[in-house]
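This is what each chain is made of:
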Amino acid sequence: MAKFIVRRFFLLLLTMLLVSVAVFLITEASPGNVAKNVLGAFITPEQEASFLAQMGLDKPAHVRYTHWLLGSDWLADGKVGLALKRVTNAEGFVDWWAVRPNGDLVRWKLVGEDLIAVTQPAAGGEAVESVDNERWQAGTDGAQFAWGVDTANHVVRWEKGTDIEVWSFVVGTGWMKTTGGPVEYIPLKKGFIRGDPGVSLRTGRPVADTIFTRLRNSVVLAGIAFVIVMPTALLLGMIAGLKEGSLKDRILSIGGMMFSVIPEFATGIFLILIMAVWLQIVPGATVFGEKAPWERLDMLILPVLTLTLVELGYILRITRASMVEVMKSPYIRTAYLKGLPYWRIVFKHAVRNALMAPITVIMLHVNWLMGGIVIVEVVFGYPGLGKYLLESALFKDINALEAGAMILVLLAVGTQLVADIIYTFLNPRIRYA
Amino acid sequence: MTTDSKSMHPGIHQLKRDLQNGALSRRAFLRYASLLGLSTGTAYALSGLPLPKNAWAASPQRGGVLKVACQIQKITHPAQFSWIMPSNILRQVAEYLTWFGADNITKPMLLSSWNASEDLKTWTLNLRQGVTWNNGDRFVADDVVFTFNQWLDKEVKSSMYGLIGGYLDPSGVEKVDDHTVRLHLKRPEIALPEHLFHYPAMVLHHKSFEGDFLRAPVGTGPYTLETYKEGEVAILKARKDYWQKGVDGKPLPYLDGMQFIDLGGDLAPQIAALKSGEVHMIDASDNPGPVVMKSVKSDAHIQVLPVTTGTTRVLRMRVDQKPFSDNRVRLALKLCQNREKILALAFEGEGMQGQDTHVYPSHPEYCQVATPAYDPSRAKQLLAEAGYPKGLAVDLAVASEWTDVVRYAEVLKQDALPAGIRINIKTMPTSQYWEKWTEVPLGITPWTHRPLGTMILNLAYIADEEGKPVSWNETRWVDPEFSELLVKANGTLDVEARRQIFCELEKIQQERGSIGIAYWMNSWMCASQKLKQITAHPNLYMLFNEAWLES
Amino acid sequence: MSDGEQATTADSAVDDIPPLKRDRRSVFTRLTEGLKFIWASKTATVGLFLVLFWVFVAIFAPLLTPYTPLEQDWKNPNIGPSKAHILGTDELGRDLWARLIYGARVVLVVMPVTDNLWIPGGTAIWGVIVALLVGTTLGLVSGYHGGWVDEITMRLLDAMMAVPIILLYMIIMAALGASAINVVLAMTIVGTPGIARLVRSLTLDIRTREYIRAAETRGESAWYIMFVEILPNARGPIIVDAMLRVGYAIFAMGTLGFLGLGIPPPSPDWGSMVAKGREFILSGSPWAALWPSLAIATLVVGLNLLADGIREESMRYQ
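Residue numbers (my numbering), protein chains in the order written: chain V, 1 to 433; chain R, 434 to 984; chain S, 985 to 1302.
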């Protein structure tokens, strides 16, 4: 068993790796211009190049993938010569600093031709600015260069004495033209496997900030739907399956199938029309603002109902099929022949065996359920992971997309693993080598 | 500002004469006189129109939080806005030098008044005194000079540059004293005060602004920005020391705060939220359409405030690429627009028919031109002359989220078939359309309302000093005669003379221009009946300083 | 409906298929026998009728309506059922019945590759056929060859199956753009792993049969054995599976259309119809979204019933 789980765990990692590469490649291959998407259509080629450089998007694909997966700080600290540290400041913005041996935090900025060190003393207190021109090193072509951490979370190579003209923003004056300046950027990130999915191109904020709230919201929605759907569907499925071909069976299975094959978006919008607009008994959209979903449960009624209608039929049919099969099996017949009471046969012998197939199938079904959740979230404006992913996909927001994809894969494969384990417990005849 | 006729701009006398001999409507007089610095009250007095009193009956209640369904986009530099929605949020936090409402009459905001020299080349801006930033600093001329420099900085890439860069250089912005700024224009321009209310023209704090408004949300407006989470929510809190006073003598605003909640781009959840009272209004400024209005107009809890606008969908053809480099092909495609049908189907008839010229009938200088008829046989003939006797196939790029644009495309496709033009509609997500809206050979681009005809023509249909099409010139169409006439119009104060120039401009654009305009769109501000003292702006700008909520 | 369902049913179904060598009976006899087989099950009969109804209206669409799906009766947009338009009109005044049955064509009978090039076989059908081609080949090779080929193929397919379908759709379509070809491509990528798994499990079973060993002894090539010996004998469950898949494909077209990633306008395919009609539901014209929703539902129900019935009936043969 342990060996089986370990094996499956590695399979999960492999899957995630493959998917992350695939998402990266597909997004890479698709036409589009991130710089224009972010900055608008009027940027000059120079601005575009500068934007791409600052986002690290000018680097080759494999380097970007490595940075995304493993982070870039461990590559960049060698250039700076100091350890790098990520801190979250009081306003919630993430800042990277270099750490001096004495524990002071330091970053640099270029003003004119002077390198200014901004030092945040380890003891606390206001940051101090001082000229730090000792960092300049002589380059090969007579120009001077220096590596350091800038104020926008990059490790930067500044150059001076070159012909490159750079525009930089000076407070109170506006944009200033200088010669030399930043010529290479390494955006600092910890990397996905170290828990940092990076910054979203679309919102400019760390993906992690948004995605966990979104995930939580989706889990709440799916969780409630699951808690309602499962018992109902299993119960109805068994009722239908007990008497195959009866009227009850026909109504339940055809009715369930009808609802499960009307597209979610149609079910959702017609529910809004009937329940929220005509009858006005429940809200037709999910507006939370600052609140969490569980504080406004009334808003969850329609999304949950939509998911329920769509999912119910499917699970019902599986349970029914399984029940039908079990009721025909020899040991049930034997039990009949032994003269055991009907309900005892059903509860003691049939149910346990009949549940085995549906439970595993339902776990495998999580993959499909996610599709339903994405649609329901879009229909009701629900601030969940699915809607976030769709928006990210349309914007080609690679960091957000990767993080979301990884979470979905983790959930899908994870539930499959759980399904396997449950199956083993329910059916002791199966032994995994 | 005084009513002393000596201090009045000489142009006002001319305007008055025009008004008296009937060459100028009272509305147009009001508009021009106030652009020239005449205070609104005086302008109304001279025009003979009654000064409109706010018809707001009940006395306002204080308190309450206004909830708006609105997409929370990524923002950094207000001058870089290319959407109205983010400006509607920050409009409550930062302010403009001037403003105008549905009456299109420009009034001072952070300015107390302005004067223009006789040649319209020197403008003196008198700053309002006693205004403080929400960090406690006084509002001074340095802030205004700093903000102008931001707009005029090519690197900022503000659309303000396209608007004012043609007549103003950074060297022309002079600080006279702490409360006076003088602008020295390169050429006469009358629309300057109106330009100062263009949505990216928020005045920025010169000491704290470093390119990202969210990092230092310092503004003079009635609210402070508490939270701004892209894609989620923006929360504003009322300031206690705002400079405008309410009718009760205490500082505005009446509301305790505002919340902008992102429900996604899809309208259905927003409509449902409005109908069930979860939000008080929908910010439809970037995607106005009759859908929201049609869905809520029979709802007694919701007020629908209509406004006619110059917002439109522009069928734009790039003239530097085949086949639209040939004017006959452009003309043929324009002839395939069955305007009445397009308006009826794409916009449910809620607007005015367009005439393929980017001047809107309510623009003061609009010159009446005939609406071209739908004429596929003439289109076919033109195509044959241009060397396409068998017709031609073209790709038409549209963004799928603007459903009226898609319908426009579908109607056009159907009606262009008899002319031999086979249109292949290419839909794409809106973000992808904006990636390439200046690049596609043929597309339909939404253009928002702007109060003056010259504003749009200067923005999109001219070349810069080096002769290259300006950055918003998506069709690359530059016509020497047109450009020359436009420069002349910019400096012409006399409306009749100006209209004469516009007759020619419109004719040129109709005959050899690069765009088709089939309809001008009406807009609606749809809000809960509880929300009082709001007016609909043609751009659906939220001018909500005096808004209050009935509890 | 996940692929788990097929995995559980495939293994039980494979035993029932007699090893058919060469079926020399006439097409007519085989057809009537097939129909009798379906006729025996009430479920399958109902399903067959639903499916045949849509196939019929799709094929004879031009004869069943005086309108074309693109004709714009622009004085009458968004109206409910009336004498002139039995199901009403959409937002551009196009007849909904005409669009519905021409939409069935796009789904089942022809695929619009570009505006001027339409190929036979509906978009949903092509989605399934291409997935079948790829999936079957992978499954056969994997199952027949075994060893490391099998191991690698199956691990890759496992990884593909682990990716939520909706995620695949979103990424693929957002990256590739909206067109019928891309819809087919997306459906292929999504469908392949399930089919490959099914075919592999069938192959593993059939591989051990006598007649395969006989063919191997005869010195037939591996490809011959896979495609001529194994595949025809595995066809039963594959056909049932394919029917269900056509159902998912129709559903998927709807979902993609809803996300704005389907076939570009003015295509009358059902997904796009619902997606566009949705806008007008809240303003009081629900018809344009209602009919195609019901059409999707009935066709998918029909396919499901048919597949269920066939499966039940074949089990009864045991």
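The hints are simulated quantities; they were obtained by calculation from the structure and are not laboratory data. All residues carry an ideal CB built from backbone N, CA and C; glycine is no exception. Certain hints may be false.
Okay, derived cross-link-like pairs now, DSS-like style, lysine-lysine, Cα gap no bigger than 27 Å in a straight line [what the hints assert, rightly or not]:
no.: 1; chain 1: V; residue 1: Lys109; chain 2: R; residue 2: Lys587
no.: 2; chain 1: R; residue 1: Lys921; chain 2: V; residue 2: Lys109
no.: 3; chain 1: R; residue 1: Lys640; chain 2: V; residue 2: Lys109
no.: 4; chain 1: V; residue 1: Lys328; chain 2: S; residue 2: Lys1026
A few chain S residues that face chain V, going by a derived Cβ cut-off under 8 Å, partial list only [said to hold, decoys possible]:
no.: 5; residue: Val1039
no.: 6; residue: Ile1043
no.: 7; residue: Val1118
no.: 8; residue: Thr1121
no.: 9; residue: Ile1150
no.: 10; residue: Ile1155
no.: 11; residue: Ile1156
no.: 12; residue: Ala1158
no.: 13; residue: Ala1159
no.: 14; residue: Ala1199
no.: 15; residue: Leu1215
no.: 16; residue: Pro1216
no.: 17; residue: Gly1220
no.: 18; residue: Leu1243
Examples of chain V residues toward chain S, derived with CB under 8 Å [as the list claims (entries may be wrong)]:
no.: 19; residue: Leu13
no.: 20; residue: Ala61
no.: 21; residue: Gly103
no.: 22; residue: Thr119
no.: 23; residue: Gln120
no.: 24; residue: Ala122
no.: 25; residue: Ile269
no.: 26; residue: Leu309
no.: 27; residue: Ile375
no.: 28; residue: Lys396
no.: 29; residue: Val413
no.: 30; residue: Leu417
no.: 31; residue: Val418
Status of the hints after comparison with the structure:
no.	hint	verdict
1	V:Lys109 x R:Lys587	holds, 23 Å
2	R:Lys921 x V:Lys109	violated, 48 Å
3	R:Lys640 x V:Lys109	holds, 19 Å
4	V:Lys328 x S:Lys1026	holds, 20 Å
5	Val1039	violated, 18 Å
6	Ile1043	violated, 23 Å
7	Val1118	violated, 16 Å
8	Thr1121	violated, 21 Å
9	Ile1150	holds, 4 Å
10	Ile1155	holds, 6 Å
11	Ile1156	holds, 7 Å
12	Ala1158	holds, 4 Å
13	Ala1159	holds, 3 Å
14	Ala1199	violated, 32 Å
15	Leu1215	violated, 26 Å
16	Pro1216	violated, 28 Å
17	Gly1220	violated, 18 Å
18	Leu1243	holds, 7 Å
19	Leu13	violated, 11 Å
20	Ala61	violated, 15 Å
21	Gly103	violated, 44 Å
22	Thr119	violated, 45 Å
23	Gln120	violated, 41 Å
24	Ala122	violated, 45 Å
25	Ile269	holds, 5 Å
26	Leu309	violated, 12 Å
27	Ile375	holds, 7 Å
28	Lys396	holds, 7 Å
29	Val413	holds, 5 Å
30	Leu417	violated, 10 Å
31	Val418	violated, 14 Å
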